[in-house]
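> Model the placement of chain B on the given structure of chain A, informed by the hints.
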Amino acid sequence: MTDRDYFKGKPRTDVNPVRILTFKIDGRDVTAREDETILTVARQNGIFIPTLCHLDGLSERGACRLCMVEVKGSDKLFPACVTLPRQDMEVMTDSPRLNEYRKKILELLFSERNHVCSVCVSNGHCELQDLAVTLGMSHVRYEYLYPRHTIDASHDRFSVDHNRCVLCLRCIRVCDEVEGAHTWDVMGRGILCKVITDLNQPWGTSETCTGCGKCVHVCPTGALSEKGKSVSEMSKRRQFLPYLEMMRRESRK
Amino acid sequence: MNHTRVATVWLDGCSGCHMSLLDLDERVLDLADRIELVYSPLVDSKEFPEDVSITLVEGAVSTSDDAEKIRLIRERTTLLVSLGDCAVTANIPAMRNRFSVEAVLERAYVHNAAIGGQVPGIEVPRLLKRSRPVHEFVDVDRFLPGCPPPPEAIFNLMSELLDGRPTGSSIITRFGA
Chain A
1 MTDRDYFKGK PRTDVNPVRI LTFKIDGRDV TAREDETILT VARQNGIFIP
51 TLCHLDGLSE RGACRLCMVE VKGSDKLFPA CVTLPRQDME VMTDSPRLNE
101 YRKKILELLF SERNHVCSVC VSNGHCELQD LAVTLGMSHV RYEYLYPRHT
151 IDASHDRFSV DHNRCVLCLR CIRVCDEVEG AHTWDVMGRG ILCKVITDLN
201 QPWGTSETCT GCGKCVHVCP TGALSEKGKS VSEMSKRRQF LPYLEMMRRE
251 SRK
Chain B
1 MNHTRVATVW LDGCSGCHMS LLDLDERVLD LADRIELVYS PLVDSKEFPE
51 DVSITLVEGA VSTSDDAEKI RLIRERTTLL VSLGDCAVTA NIPAMRNRFS
101 VEAVLERAYV HNAAIGGQVP GIEVPRLLKR SRPVHEFVDV DRFLPGCPPP
151 PEAIFNLMSE LLDGRPTGSS IITRFGA
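Here the protein sequences line up with chains A and B, keeping their order. Going by the working numbering, the residue at position 137 of the first sequence is 137; the numbering climbs one at a time, nothing skipped. Going by the working numbering, the residue at position 1 of the second sequence is 1; the numbering climbs one at a time, nothing skipped.
Just chain B, with the same shape it has in the complex:
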């Protein structure tokens, strides 16, 4: 049987969308029979591979690293899915957008530090001025809102994509779900 090459990516999100994916319980096995998970926080590969058929992206684009990653992912993916509110709307990560990056970092690393707080400057990616939804950086083919999208919605979308059926007929999710 021909396995579809699938990847999942975790950008600026809480991993809740991945948890929702795992909440498919035994249906994960149905999916596993049909896909090859080539890149994901759930597997060990370090480099995003070439020729991925479907990539599910969780999280907003918030750092220089996220921005680089998502462009590479787009290049190497046939069908890109924004999975969950952070990818679709930037959601919680975007709540910092009303403040300057400096103010946000000061608040997190200095004001709230117990002792000797300092803003990390090396070996961490630079925060972008604003946290933004994935489709403001690259073209996105499908959107699945929800915080997180319910397992059924993820399963329906994946089944539709794998069967080559038209998607969206079974949208059972909403923003903030």
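Pulled out of the complex, with its shape left as it was, chain A reads as follows:
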């Protein structure tokens, strides 16, 4: 649940405060509002949990599963970005088991598209690449699939290279939730899943796209990029998002 959903039709929290609860992350006592996710609380307390599909300012989707954490008393793993804490819960964010799963997820992401970091516009500014370093992924233990994916460069200013897409679906969320255009969507299932513009037509022919470029800048990899950028030149600016969200929320009060 996003803050936006939460506040919809609710009384102001400063006169009608939400419940506060306490629980533990990695043995540390932490406090949270009942509507804050484990991920939010961990970040507030400087505890690192890896994420890929999460982006501050967008709704949560729980798609990448990198933020899975252990909870004492349960064999199940929980995605920290969409799990709300309970009183006295004991959360573990780091263990050999979690690290192994996270590495596997990354390796599967690398193996199912064609990620060639050395010639990518986002080399050096890529969240997938950074995660490989952070999680100590030195190589991919699965066979690479080498699927044949297309590049759509029909838009005047931007292009989409499906070879580099990790299906985080941030582009869809930012286009829908922030820009309000909903140009992006997703089609197909499993390995055939891909992001599309309008009714799966060339981006340049889209009637809904406003050309704002938000999708390009929230994209964690080089899948969406500005035209004219060469290797390593596509650094992205995402700082605007939380501020946009905050300002809109303030103006509704």
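Fair warning: there could be bad hints in the mix.
[Unchecked claim] Covered, in the sense of this in silico footprint (three residues per stretch, anywhere, with C-beta under 8 Å from a C-beta of chain A), are these stretches of chain B: (1) 92-104; (2) 124-135.
[Said to hold, decoys possible] Which residues of chain B face chain A? A partial, calculated answer using Cβ under 10 Å: (3) Ser82; (4) Asp85; (5) Cys86; (6) Thr89; (7) Arg142; (8) Phe143; (9) Cys147; (10) Thr173; (11) Arg174; (12) Phe175; (13) Gly176.
Read the hints as simulated data drawn from the structure, not as lab findings. In this text the structure is predicted, and so the values were computed from the model without any measurement. Don't be surprised by glycine CBs; every beta carbon is placed ideally from N, CA and C.
What follows is chain B alone, placed relative to chain A:
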């Protein structure tokens, strides 16, 4: 002083990883004091020797010749290192994997030939259907990603291996670096 027998191999890569090794500058001398380079594009031996302690492999496995070589190298090497993105991920050589070998050869030798292009058929090794990372053919003991891995990363890894220290504590590289 006992010199460790080291080899370096150049499969389907651009030699950039070897260049990065040479970019160690004067530290090459530190390494040279401790190793005997028994096989490498940088020395003259033609046959991959027996009893090599450490082999650094640059490049992906792309031809029948690469595949044969890497199996022989594995047999004769104690510790095999995948050096750089091509060895670790198949990297650029693997960009052809989305197309058939025939289409790739046609493109390179016929479509782009100025006059009378033809696909070479004799005295060159056959291209495998796909270009693949080294560890899909043989067991690899250490991985050092990077395109190329920075000289410091190569030096750190070699020092760790030669000292018999645990490796990886000093990984300062990434894919595409």
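> Now look at each hint and say whether the structure bears it out.
Hints and how they fare:
1. 92-104: Coverage by chain A holds here, the residue count being 5 at a Cβ distance below 8 Å.
2. 124-135: That given contact holds, which follows from 4 residues of the stretch 124-135 of chain B lying within Cβ reach (below 8 Å) of chain A.
3. Ser82: Since the shortest Cβ distance to chain A is 7 Å, the answer is holds.
4. Asp85: Holds, because the Cβ-Cβ distance from B:Asp85 to chain A comes to roughly 6 Å (cut-off 10 Å).
5. Cys86: Holds, because the Cβ-Cβ distance from B:Cys86 to chain A comes to roughly 9 Å (cut-off 10 Å).
6. Thr89: Cβ of B:Thr89 sits 7 Å from chain A, so the hint holds.
7. Arg142: Given a least distance of 8 Å, the restraint on B:Arg142 holds.
8. Phe143: This hint holds: B:Phe143 lies near chain A, its Cβ roughly 4 Å from the closest one there, short of 10 Å.
9. Cys147: Interface hint status for B:Cys147: holds (4 Å vs cutoff 10 Å).
10. Thr173: Holds - the Cβ of B:Thr173 comes within 10 Å of chain A, reaching about 8 Å at its closest.
11. Arg174: holds, 5 Å
12. Phe175: holds, 4 Å
13. Gly176: holds, 3 Å
Figure legend: structure checked against the earlier numbered hints; every hint is met.
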